[in-house]
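**Q** These are the residues of each chain, in order.
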Amino acid sequence: MVSATSKISRFNVASLALGLGFLYLPIVILVIYSFNASRLVTVWGGWSLVWYREFFHDEAMIEAAWMSFRVAASSATIATLLGTLAAVALSRGERFKGRTLFSGMLYAPLVMPEVITGLSLLLLFVALDAERGFWTVTIAHTTLTMCFVAVVVQSRLGSLDRSLEEAAMDLGCDPARAFVAVTLPLILPAIIAGWMLAFTLSLDDLVIASFTTGPGSATLPIRIYSEVRLGVKPEINAICTMVIGLIAVVIVVASFASKLSSAQGESAAPL
Amino acid sequence: MTEDAANTATEADSAKAEPPADAIPAKAELPIAAFDMPLLRIDGVAKRFGAVRAVDRLSLDIRRGEFFALLGPSGCGKTTLLRMLAGFETPDEGAILLGGDDIAQVLPHQRPVNMMFQNYALFPHLSVRDNIAFGLKRARMPRAEIATRVAEMVALVRLEGLEKRKPDQLSGGQRQRVALARSLARRPEILLLDEPLAALDKKLRESTQVELMELQRRLGMTFIIVTHDQEEAMTMADRIGVMDQGRLEQVATPRKLYEAPNSRWVAEFVGDINMLEGEVGPGDAGRLAIATKDAGTIVAAAPPDPVKQALVFVAIRPEKVKLSRRGPASDTAGTHTINRLEGIVIEVSYLGGFTTYKVKLDSGAVLKSSMANTARLDVDAYSVTQRVVAWFTPDDCVVLEQ
Amino acid sequence: MSARRIFARPARFAAIAPYVWMVLFFLVPFGFVAKISLSQTAIAQPPYLPVFELTQGLAAIKAAFAALSLDNFKLLVTDDLYVLSYLRSLVVAAVSTSILLLSGYPIAYGMARLPRRWQGVAMMLVIVPFWTSFLIRIYAWINILQHDGLLNKILLALHLISTPVVWLSTDSAMYLGIVYSYLPFMILPLYATLAKMDPALLEAASDLGSSPLRAFWLVTFPLSLPGVGAGVLLCFIPIVGEFVIPDLLAGSDSLMVGQTLWLEFFTNKDWPVASAAAVLLLALLLAPLLLYDRLQRHQLEGAR
Chain L
1 MVSATSKISR FNVASLALGL GFLYLPIVIL VIYSFNASRL VTVWGGWSLV
51 WYREFFHDEA MIEAAWMSFR VAASSATIAT LLGTLAAVAL SRGERFKGRT
101 LFSGMLYAPL VMPEVITGLS LLLLFVALDA ERGFWTVTIA HTTLTMCFVA
151 VVVQSRLGSL DRSLEEAAMD LGCDPARAFV AVTLPLILPA IIAGWMLAFT
201 LSLDDLVIAS FTTGPGSATL PIRIYSEVRL GVKPEINAIC TMVIGLIAVV
251 IVVASFASKL SSAQGESAAP L
Chain V
1 MTEDAANTAT EADSAKAEPP ADAIPAKAEL PIAAFDMPLL RIDGVAKRFG
51 AVRAVDRLSL DIRRGEFFAL LGPSGCGKTT LLRMLAGFET PDEGAILLGG
101 DDIAQVLPHQ RPVNMMFQNY ALFPHLSVRD NIAFGLKRAR MPRAEIATRV
151 AEMVALVRLE GLEKRKPDQL SGGQRQRVAL ARSLARRPEI LLLDEPLAAL
201 DKKLRESTQV ELMELQRRLG MTFIIVTHDQ EEAMTMADRI GVMDQGRLEQ
251 VATPRKLYEA PNSRWVAEFV GDINMLEGEV GPGDAGRLAI ATKDAGTIVA
301 AAPPDPVKQA LVFVAIRPEK VKLSRRGPAS DTAGTHTINR LEGIVIEVSY
351 LGGFTTYKVK LDSGAVLKSS MANTARLDVD AYSVTQRVVA WFTPDDCVVL
401 EQ
Chain F
1 MSARRIFARP ARFAAIAPYV WMVLFFLVPF GFVAKISLSQ TAIAQPPYLP
51 VFELTQGLAA IKAAFAALSL DNFKLLVTDD LYVLSYLRSL VVAAVSTSIL
101 LLSGYPIAYG MARLPRRWQG VAMMLVIVPF WTSFLIRIYA WINILQHDGL
151 LNKILLALHL ISTPVVWLST DSAMYLGIVY SYLPFMILPL YATLAKMDPA
201 LLEAASDLGS SPLRAFWLVT FPLSLPGVGA GVLLCFIPIV GEFVIPDLLA
251 GSDSLMVGQT LWLEFFTNKD WPVASAAAVL LLALLLAPLL LYDRLQRHQL
301 EGAR
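Protein chains in written order, with the numbering used here: chain L, 1 to 271; chain V, 1 to 402; chain F, 1 to 304.
No wet-lab data here; the hints were simulated from the structure.
Nothing false has been slipped in among the hints.
Ranges of calculated distance between the beta carbons of each label pair, as one might list FRET restraints:
1) F:Leu-201 - V:Arg-325: 50 to 56 Å
2) L:Asp-174 - V:Gly-100: 24 to 30 Å
3) L:Ala-73 - F:Leu-223: 38 to 44 Å
4) L:Val-31 - F:Asp-198: 40 to 46 Å
5) F:Asp-198 - V:Ala-144: 48 to 54 Å
Partial pick of chain V residues on the chain L-facing surface, computed with a CB cut under 7 Å:
6) Ala-86
7) Met-115
8) His-125
9) Phe-134
10) Ala-139
By construction, the Cβ of each residue, glycine as well, lies at the ideal position given by its N, Cα and C atoms.
Please model the complete structure; the sequences and the hints are all you need to start from.
**A** The following block contains the structure:
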């Protein structure tokens, strides 16, 4: 019998391996099949890049990808700015009027079913008579992702030693300077991680984008979704692999950033 | 402690400084008599957190060049007081006068006072050099001057060669020195140290204590240190302020604090002590005869202030209580009164340099005695169940009122 | 005044921009949802009546108010189609959350038991799929589960089945997809509480005569309850409103409320009923949402 102390049992290892295998296997299979030469998804016809070539000739798909990329980049940037401000207010603002409402509004979208968020934003845009397209999707994604940024940055701010800011003041900084000279460099990795998270969430979103976009400005997930509903297509495998590749690059950068921060204490978890 | 005791602690100290001064010389006389005006005057300062009075209308003067220690149990308000001096807390009432100016409401970054934090609070993203230069840059010091000052500070705390390291590449002792250099770099009027050695192990702590003292003497700077470690306070400070529940119980030199505590609380807080309760009887020529419940009549030296209450406490430090098999021979001469109590040894703790004994008196009360082990082989050491005489002179006793 | 207060004033100014944004794009839109849920469907642009025209004066607004009705809600609570979809959503969410807890706990526990430096790696491995596209991961399963997909091929090759089994468009496929997508959300909060636990507690328990299993049940599990709560809420609430997974993996004979809402909105163009469905869903989720809000507040801001 394995002792109750910090030794890991075979059961622990098995559940870990099974769990991680379950998480990764489908993705690995998808990537492998994207290099399948056969038109039939299920028949292996040797290695090929034919489906990648297909994608680069599919103008509608490329347009959607470009739209998604622009939305993700701009909404992530705005969301990072707003989310960081919100995190600073929540973790350094002490008590202020409307604080409970503020934090409630920031935490709720993290779990709010997307159909609700999407529908409500669409009804707002219709009421405002706003032309639906790039900007409406960007605003919608900013609203969702700034909450994630706020949580990531807030947890970093919360784990930051408050005496560092006091030391900065003691050494001649007013609060604003102390923030810029000490707090900001220390939470920067969390801010970068927040941007990455916002970027990938936006790149990924189907439901909210479907509600808030207009005719002729479909995002990549919307295009993929409409293709997937018609059945598996090898080209989709190729597109998905490229998206995974892009996200992998983002993750590598993010983990590099969090390595930088881990030297300074707790690393920021994405949730 | 009575209402006005804390307020008058400083006066009480200076008043009491005279009579025992001949018997108990101050640890170190500093050439500070020339300065009449104290560098720092804390005047009736109070701070409340909710219902808790962290600092309760406390007054204290600190002279220029002094090494002052605030000593007290955790939660006594000593850190709050220090944080008020640094500007991180603002007093609810009272004034903090630095060189005559009230700085109670001045923000931390505008005070000529620097603090060394308990956890050092080194900026993890900056190198040793940039940490030390941090405060100088904020003071808009010219670049060349900053470089000179940083080099000077690095040399002062002996960190040469480590300037480019980040704090997480340093040992605990090195970090402590960076923190010290950083807080000294701006040449503050007063350096505040919040438990500066608490994170170091015992050996390093002791050597650092000596270094800190030397540094303070050399720079002639005013240091105020907060600590819960009485040995640390005793070793380093010129004067110690003992705090409890937001008030100063006593402000005195280490020696006076130990040998002439002004209250039962201070006597019991600082070091170990035997406390015997009794009633004041007739006395003569600076002596008081006190009828104790547990140890018969004890003759004690009369305190400098006349005793007002009938019920008093006689306090005797364990190392003043000597043990012998038959008692001292000299008391038969009658010239010196000696208190002698008989009892049985019930506990012996050998501690290396000295041994502590517990002696159960015939009344049932227990007396502690501590004796230096001056000989390596002591065939005469007392053992449990042995009957002994515990004795001490009237001058070994301190008479305390409640 | 304390050091914290010195910082608090400028920090509060930081709240202004995100506050205005969230009120405008999160709070106010619910007002529109509420209003339109009380309106009638119309063949118009926008497809509902009445439309409030502030320019037409007070009388018109009064008339518009009079035209609001609760008909859509009556429809939702009386028509079996809607009632069943709400029930199905709750059942699916409850069942999948239970499966997630039962499968996520051993994984999180295994992670917490790893040597320190491997824990970071394991956590990264759990987080990475969460970063890769949700839609893509569901799509990956379609690849595997389809009629001539990998799963059937393997099972046929192993002679476990003689004819291909229909996996797609079944509830099993949907549950698989949900568990797969939400597993990191369950593991991470569980791991966070389990990793913080002092191993000496278990040593103390076994020292006091507990078997490892009893020690787990009497010490580890009760202490991990905050993580269990966070994981359960983090999964349950969004699953109730889930659309993509049931739409792609489950059959079309019974729908979850997210699908119903989507259908009413995009296919039937019945915005008022879709809005009413959203209001009702929100009402259903209000209690767990408030609970989640409290949990987050506690975790991120400490006991305030």
